[in-house]
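Position chain L relative to chain V; hints supplied.
Chains as they are written, first to last, in the working numbering: chain V, 236 to 862; chain L, 23 to 519.
No wet-lab data here; the hints were simulated from the structure. Bear in mind the structure is a predicted one, so any value in this text is a computation, not a measurement. C-beta atoms are modelled at their ideal positions from N, C-alpha and C, and glycine is treated no differently. Check before you lean on any hint, since a few could be wrong.
What the hints assert, rightly or not - So the derived list for chain V, only partly shown, Cβ under 8 Å to chain L, looks like this:
#1 310
#2 311
#3 313
#4 398
#5 415
#6 802
#7 815
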Amino acid sequence: MSNIAKLVWLIPVLPLIGFLVNGLFRKNLSKGLSGFIGSSVVLASFVLSVLVFMQVKNGEVLNIHYFDFIRLSVLNIGFEFKLDALSALFLLIITGVGFLIHVYSTAYMHDEPGKDFARYFSFLNLFVFSMLLLVMGGNFVILFIGWEGVGLCSYLLIGYWFKREDYTDAANKAFIMNRIGDLGFLLAVFWLIAKVGSVNFDEVFSAASLAKLSATDITGITLLLFVGATGKSAQIPLYTWLPDAMAGPTPVSALIHAATMVTAGIYMIARSNALFSLAEFTQTVITIVGLATALLAASIAIKQNDIKKVLAYSTVSQLGFMFIALGTGNYVAAVFHVLTHAFFKALMFLGSGSVIHAMGGEQDIRNMGGLHKHMKITSITFLIGCLAISGIPGFSGFFSKDEILAGAYGHGPLLYAVVLFAALLTAFYMFRLYFITFTGKFRGTHEQEHHLHESPAAMTIPLVILAVLSVIGGLVGVPEALGGNHMLARFLSPVVPSAGHHIEHSTEYLLMGLSSVLVIASILFAWSRFKNYTGEGDAGGFGKLLQNKWYVDELYQATIVNPLRSISGFFDRIIEKKGIDGFVNGIGKAVSYGSRQMRLVQNGQVGVYVLLMVIGMLVLFIIQLFV
Amino acid sequence: MGSYITFPELFIWIPILAGIICFFLKGEKSPKIWAILSSLLVLAAAVTSLFYTDDTKYATYNNVNYYWMKEIGNSFFVGLDGTGRILGLLTAIAFPVIFISTQKNTYKNTSAFYGLMLLTQGGLMGVFVAMDALLFYFFWELALIPVYFLCSKWGGEKRIQATFKFFVYTFAGSLLMLIGIIYVYQHTPQRIFEDGTVSAHSFALNSFLNASLTMEEQNWLFWLFFVAFAIKMPVFPFHTWQPDTYDQSPTSVTMVLSGVMVKMGLFGVIRWLIPVFPGATLQFDSLVIILCIIGIIYASCLAIVQDNIKKLVAYSSIAHIGLMCAALFTTNEMGVQGAMIQLFSHGINIIGMWVVVDILERQTGVKNISQLGGVAQKAPVLTIFLVIIALANIALPLTNAFVGEFLMFSGLFQVNTWYAIAAGISIILAAVYTLRMIQKVFYGDVSPAAEVVTDISFSEKAALFVIVVLVFVLGVMPQPLIELTKKAVNTFLATVN
Chain V
236 MSNIAKLVWL IPVLPLIGFL VNGLFRKNLS KGLSGFIGSS VVLASFVLSV LVFMQVKNGE
296 VLNIHYFDFI RLSVLNIGFE FKLDALSALF LLIITGVGFL IHVYSTAYMH DEPGKDFARY
356 FSFLNLFVFS MLLLVMGGNF VILFIGWEGV GLCSYLLIGY WFKREDYTDA ANKAFIMNRI
416 GDLGFLLAVF WLIAKVGSVN FDEVFSAASL AKLSATDITG ITLLLFVGAT GKSAQIPLYT
476 WLPDAMAGPT PVSALIHAAT MVTAGIYMIA RSNALFSLAE FTQTVITIVG LATALLAASI
536 AIKQNDIKKV LAYSTVSQLG FMFIALGTGN YVAAVFHVLT HAFFKALMFL GSGSVIHAMG
596 GEQDIRNMGG LHKHMKITSI TFLIGCLAIS GIPGFSGFFS KDEILAGAYG HGPLLYAVVL
656 FAALLTAFYM FRLYFITFTG KFRGTHEQEH HLHESPAAMT IPLVILAVLS VIGGLVGVPE
716 ALGGNHMLAR FLSPVVPSAG HHIEHSTEYL LMGLSSVLVI ASILFAWSRF KNYTGEGDAG
776 GFGKLLQNKW YVDELYQATI VNPLRSISGF FDRIIEKKGI DGFVNGIGKA VSYGSRQMRL
836 VQNGQVGVYV LLMVIGMLVL FIIQLFV
Chain L
23 MGSYITFPEL FIWIPILAGI ICFFLKGEKS PKIWAILSSL LVLAAAVTSL FYTDDTKYAT
83 YNNVNYYWMK EIGNSFFVGL DGTGRILGLL TAIAFPVIFI STQKNTYKNT SAFYGLMLLT
143 QGGLMGVFVA MDALLFYFFW ELALIPVYFL CSKWGGEKRI QATFKFFVYT FAGSLLMLIG
203 IIYVYQHTPQ RIFEDGTVSA HSFALNSFLN ASLTMEEQNW LFWLFFVAFA IKMPVFPFHT
263 WQPDTYDQSP TSVTMVLSGV MVKMGLFGVI RWLIPVFPGA TLQFDSLVII LCIIGIIYAS
323 CLAIVQDNIK KLVAYSSIAH IGLMCAALFT TNEMGVQGAM IQLFSHGINI IGMWVVVDIL
383 ERQTGVKNIS QLGGVAQKAP VLTIFLVIIA LANIALPLTN AFVGEFLMFS GLFQVNTWYA
443 IAAGISIILA AVYTLRMIQK VFYGDVSPAA EVVTDISFSE KAALFVIVVL VFVLGVMPQP
503 LIELTKKAVN TFLATVN
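One chain only, chain V, in its complex shape:
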């Protein structure tokens, strides 16, 4: 075993230690110390992740078995890690971006009381721990431990301010929606156990195992895994928890939306690409769901006025793009987009946190405006994020989005056109957000204006670093058409095959040119409409539909939540109390009624007793005569 392999266990365990220390000694630690502990354990994991990255970058794979988790004669599940190019990349994203979010949090959460501050950092560390376990696991069960773990941590952090009932509602919603997905995931695992007898990645994805699976098996398993992914990665129909998840502190949103959690579904499918590549039907489903989600969420984002909500729907929409890539077999593009998205989405969430911080908790962009002159670093870095997500050439998002678009084109011009339309919507709503927030006149109260200030260095430095990454992050995947050699694709090639589509360089230039021109046009359109935004009334018609998020929450309430409660109430009042218990008590009553009647026979009159005795004897005689 190489030296780094001996230390690999520390990568998840260090954040776990941070969780325990901050959690157990939350009353005794000073804020400075708990922030320091929380951040430094993640930094240490990042350093180790870099070492792992160096180790595996030439195609080496570290398979480490620690102990038998569950060992039966028919099934053996080890507590094992698998580190290859794919997991190493995710390790870097999680610990790297995660570390910046931790640092940022030390300033953002500074007004919290000491023990809550420590509680916050302990949950943050636990979140990182779970996510690390998820991407390091060498089999589906260890992956699932992290998978449910991030669900738990999102629950804990969304409900961090647990006195607010609407916040804890959002936390419950996140957990329950994730659990619905988790059930799908679990069923897929059981299916694998039933057919292949193993959950280990290497064993399941081996040719021998895949040969044991019929076409139905593969479709069924991949569809169920995808159900799991829709929960974690917020796709239709299980996406509604993610926009509500912004009830948690803003850095948590950055962590959930960028570095962890929502990328879990993408990771899992990319990891299982051997299965998914065989399931054509599932791939079609994934593409359609991804496309629908990308469009739906983008349309909602256009009409939202809460700065975090816009970003939340933007995440849902961007995840849709990633699923389109997965569905078209373009796994590298999906992972690439996870990477660049982690940079610019973390940047924008932290930027929005900086804005909210300056505005004294205000999140409604209608009450903002003209913030650029008060907080230049936040504004410029946020602008960079917007440029990156819109896919302006040169910025990181351009390269990853272009690859998804090119992949879509490989599957037909129609798919390309729809995806491109979603991309234009992205540029539009992001710049709507930017212009309304940072340009024009300030529309808040006088007091708010007085307090406007740039955030402290612990917040702005992560912003700057993420801004730099949002610009240059795409360089790891410059396509051949632009004279690059796509380092990322080559790096991932031992684990994830490159997409099969090959389009002419000339076509590729044309597509890039087309999308770039249209995106810029879209931005200009947003500029013309919102540069001097002065507010607007409540929308009517279609706008109202968008503002109310297509009434999907209401639909779920009416079709699932309420019926469940009614059925449960019916069970409780009618079947349980009147039905079963009524029957049982009925027997009891019948017995006691019968006994009361029988008691009358014992009335103490000897004559009656003698009479009964005679009757009894007669009956016995008669029986004896005839039997």
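For chain L alone, coordinates are given in the frame of chain V:
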């Protein structure tokens, strides 16, 4: 025949003797301390027995067979196998935890209360180690009767009604079983004892396994036993005694009932029902599993709408037990092994839940979710314990219950995909009712009733700490628990297949 005093004997006689002595103790403190000491002694014996599990070397430590009414083919035959060991261990851990965590509760006539509790422990242990049908029946009733007095004397306002229901239900079940036992007994081969005594029939487990029963006889005998066990567990629709009884009993008795006593039913299925009637099992397994699954969903739904926390926990327990029963009837390794370790994990977790509920009820005097709220602000440590235990109860990974549930669902999936899907819905429903309870009771603003709550005392902390340690240790490394029961699972599977 052993020349030593064996482990199963220690398990039975320590609590029974201590219980009898306890009746004569005076005052309030001394019975409590006596009970704790006695239960710790049993725990020590149980833990020690874990080092002597190798039957090739230590068979005489774990099995003993005394003559007792040999003319009718009966003997005092007790022994420890994997099933008995894991349930014996659960019983041994449960009682000290219960005694310590409920220390602050006061009971009038303390010595009688603790005496009866200890007798219950003795009876439970007897059930889990009996290798003889009559002895099994004897202990089955011995465990039931003290509980009846405990509920009816020390229970809540509606205790008489609730205990009456409980008693009639379980007693009716017991009688059906007794009829079954006698019928099977009459079809057992003759038994020749070492001293030459010959009895026409025998109550020994082995004789029962070899009883000559026709398929038809098996079919109706199966139901006699099944109903007895189904009431005890309880399985839908034999469950309506349970929520009322859990609600009305003193919490320490509820802990015994839900943590350990319901396992008698499952144990009966493992030790007696399925092995004695393998033919009927294969005939009715789907029917039983479907009944269990209906119960799982039904009870989970009911848990969602309960306002009384105790009833919520009761219904959640019905759902969990239903899953275990269904898993046993899969008669495949994953399902049975999962159920086997879940016997233990469920006991630990549900006792933990009751400890928290008891603390809340004692401090606030209310048990309705709608009257509570904001407890997290008043008692953060209690809240942390509760959240951990509640999440273990709904089988979050890295907690003890996950392993068992994972294996059980997987076992069900092997039998029929739809079983796993239908039962799997309870995974979601469990999250719904558990999170709702946590939210309404612990989060939000402090309700008037919750104003008086203070954080937990040292003894409560100690009891909950033990539970939480077990939750995580067995959640991360469940293999020792699997090893402990592996042989028993294989023997069990061999009798059916």
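Against the structure, the hints:
no.: 1; hint: 310; in the structure: holds, 6 Å
no.: 2; hint: 311; in the structure: violated, 11 Å
no.: 3; hint: 313; in the structure: violated, 10 Å
no.: 4; hint: 398; in the structure: holds, 6 Å
no.: 5; hint: 415; in the structure: holds, 6 Å
no.: 6; hint: 802; in the structure: holds, 6 Å
no.: 7; hint: 815; in the structure: holds, 5 Å
Taken one by one, the earlier hints fail for this structure at numbers 2, 3, listed in ascending order.
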